[in-house]
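Visitor: Taken in sequence, the protein lines are chains F and V. Here the first sequence stands for residues 1 to 401, where the numbers follow the numbering used here. Here the second sequence stands for residues 402 to 778, where the numbers follow the numbering used here.
One or more hints might be untrue.
Claimed, not checked - Derived lysine to aspartate or glutamate pairs resembling EDC-like cross-links, with alpha carbons at most 16 Å apart: (1) F:318 <-> F:296; (2) F:259 <-> F:296; (3) V:408 <-> V:486; (4) V:689 <-> F:296; (5) V:554 <-> V:643; (6) F:2 <-> F:263; (7) V:554 <-> F:345; (8) V:588 <-> V:567; (9) V:689 <-> F:305; (10) V:689 <-> F:306; (11) V:403 <-> V:441; (12) V:403 <-> V:487; (13) F:2 <-> F:167; (14) V:705 <-> F:274; (15) F:19 <-> F:167.
Keep in mind the hints are simulated off the structure, nothing from the lab.
The lines below spell out each chain.
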Amino acid sequence: MKRVGCLFLPYFLASVTVKENPRLYRQPVAVFREGRVIGISREIEDHSLTGLPLNQARRHCPEAFFVEYDHSVHRAAQEDYLQMLAGISPLIEPLDEQECFLDLNGGRIELEMEKLGRWFEAREWGPVLMGVGANKLLARLATRVPYGKNQTDVPGFCCRVVEPGQEKDFLARIPLALDWLLPSSVVEKLGFLGFTRFGELDSLSLQELLKILGPDGYTVYQHRRGRDNTPLLGLYPPEKLSCHFGFDRGVYELGPLEKRLGEGARLIASALRERGMNCRQVALQVELEGGNCRAERRVSRGAGEERRLREILGILLKNLSLTGPILGMTLEVSSLYRWSLTEQDLFTLDKRSTRPHQELKGTVEALEGKIPGAVHVGVAIDRREQVLSLWDPWRFGEASR
Amino acid sequence: MKFSINKNLLAQAASIVQRAASTKDTIPALSGMLLTAEKDRLTLQATDLDIGIKRTIFPADVASEGSALVNAKYFSDLIRYLSEEEVTIALDETNNKLNVFNGLSSSYLNLYNPDDFPEMPLDKVSHISTIPQTILKNSIRKTIIAAAVSHFKPVFTGILFDFSGDSLTMVASDTHRLAVIKNEQVKSENQPGQYIVPVRMLSDIARILEDSDSEINIGLADNHIVFYTTEQDLSCSSRLIEGQYPNYIQVIPKNFVNTFLVNSALLTRALERTSIMPHDQNMIQYVKMNFEPEKLVISAFSEKMGEMTEIIKEVEAQTEQAVEVNFNTRYLLDAVKLLNQENKNIQISLSGPLGPAVIKNPEDENYTYVLVPLRTG
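Go ahead and model the full structure; you've got the sequences and the hints to work with.
Guide: In structure tokens form, the structure reads like this:
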């Protein structure tokens, strides 16, 4: 089953502002952009200022400090956490500065959540809410269910997972107004008819919903069953994709690592293909008790195909000197570019495609003439053996060199 | 002019000749068909100045000789839908109409001025060679697939006729692929020469030619190539494409990394299945072919539809070297479909992942199809 995470930082913009201006600490702060409030601090949460025009918001909450969105500061902070998330998930879809979706398939949620929690707590950006579900609808709604009386009661980092099979029970108590995918007119219409929560819709059949709401009735029907067909669009990072695997007890052998490498290569190749991208840089980072070790490889030809990616990752794994238990592993591809196919012109065909073959043939012939019997074409020879066979003065006398 | 003739003969001839008439209305005479009745025969001809077709049919019961120029399409359509066996056509010079009588039905067609009809270069033809119709038809069919429909270099929108001694080599290419066929059964005047004939003309000729051993002559007249039968009942002329055709011999690879024999029926079916895959925006429809010593893995991917993988195990490889190449699906399928009709196996010789591949019938040395793989970037 697919697992999508929704990360929600309700006071992110205000917290970043406060960190920049310590005099605003514990003061009511509202951040606005283009004449509209886009973020608030927890002190004025009850005023529901988010989304209001600035003038209206000022009238509504005259005691608040209204600070304009600072692209350099806020964007840098957002970039900071998105980069960290990119180390966990190959697909990230930012919704706005305070919220994003991430693909959590393939990893161990518990380990990743712990890591996330520690990272965000250190930043002091207020509570961090993480919802995990089979789709974006469930994941986002999981972040909206109050933990206490209000969001102020939320501890530093909270994760709520909607387990497979529990979707209907979870949704039963969720207000329809929280479903951001439904047009407001649909929510209003249902509210007018006395339906305010998903659970109350059980008495309506699909036909009745279609009759009341038209085509939107089908969306409501699907959402009530915890189904959401909105595709996950990887939009961040534009130049890097990664996939993380955690091993709770530590791994000592290469076998399980290679298996995970294959799995990761498949995930990344599929994510690349969905985006129509290819990559030129592949990296493998392994977490050990004594610290991380990393190996990278840059390739001139795209490495985005699953088989090629697996081959390169296999080589990188062998190049790493691994000692002790392996706690985690991150596969990363970067230098992304749009994948394309071009027709070649037969009459002006790039001779480079045949040149290496001819050059090799010429080199082999030259060497064969120089050192007869020492060159073995098509036979796999150990690199050291090959060098020695050509240059070892003990094997060949002066005459043969 | 007045004559009676078998309706089926006339309909068949009119539908052939009509192909040469212009479909544009700029010069009315070019969209016309000239009917000439003399002695016991009727001659139909049409030309749009680029190509021209002349067909003579007999016997015709000619009551009075003469000629008339009618709209080729209207005339051809009218004759095709007549019901009775015999049709009588008479020119009404007073009203400038062409009356058509068929049983109880009668109709008339408006006429163009026959003096406006351009003269076709058929009288001063110098003979080059003679070839059996079935061989010419087959050669056109096998090469025309590789010609370009439109190209900034006009030579690629035609088929090269390369006469050398007693052989005729026909070559077509759209620069991404090349089809070459060599015919030895040609009676030639022993004068080497290269002529580029437009594809449009040749596709019409291929439809007209019969699957028989009867021969057709090839000749030159001014800047035109003319295909004509010995009995002079059919002549087709076409303006030649001017320009130098690139050296096609040097682009046919001689050295290969590996050569594979693949079951042609299985390959055709597999490629047909992959060809249903829609091509994504700004992408060429392609197949990835992974040639291994004991199998061929064909895969296709489309963001819109999904992924497809086909495995063919009926493969014989010359060496152990595996090669992975991406081909344009349509270009490959064009050749594979053709060769599937001829032999159980298709020979595919590869000169690397980006080098040109040669596809041929292993038992026919005369036909070669060169295809350049797609470059991934």
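Visitor: Determine for every hint whether it applies to the structure shown.
Guide: A quick look at each hint next to the structure:
no.	hint	in the structure
1	F:318 <-> F:296	12 Å, holds
2	F:259 <-> F:296	19 Å, violated
3	V:408 <-> V:486	5 Å, holds
4	V:689 <-> F:296	28 Å, violated
5	V:554 <-> V:643	10 Å, holds
6	F:2 <-> F:263	15 Å, holds
7	V:554 <-> F:345	13 Å, holds
8	V:588 <-> V:567	6 Å, holds
9	V:689 <-> F:305	11 Å, holds
10	V:689 <-> F:306	13 Å, holds
11	V:403 <-> V:441	12 Å, holds
12	V:403 <-> V:487	13 Å, holds
13	F:2 <-> F:167	14 Å, holds
14	V:705 <-> F:274	10 Å, holds
15	F:19 <-> F:167	38 Å, violated
Hint check: violations occur at hints 2, 4, 15; the rest are consistent with the structure.
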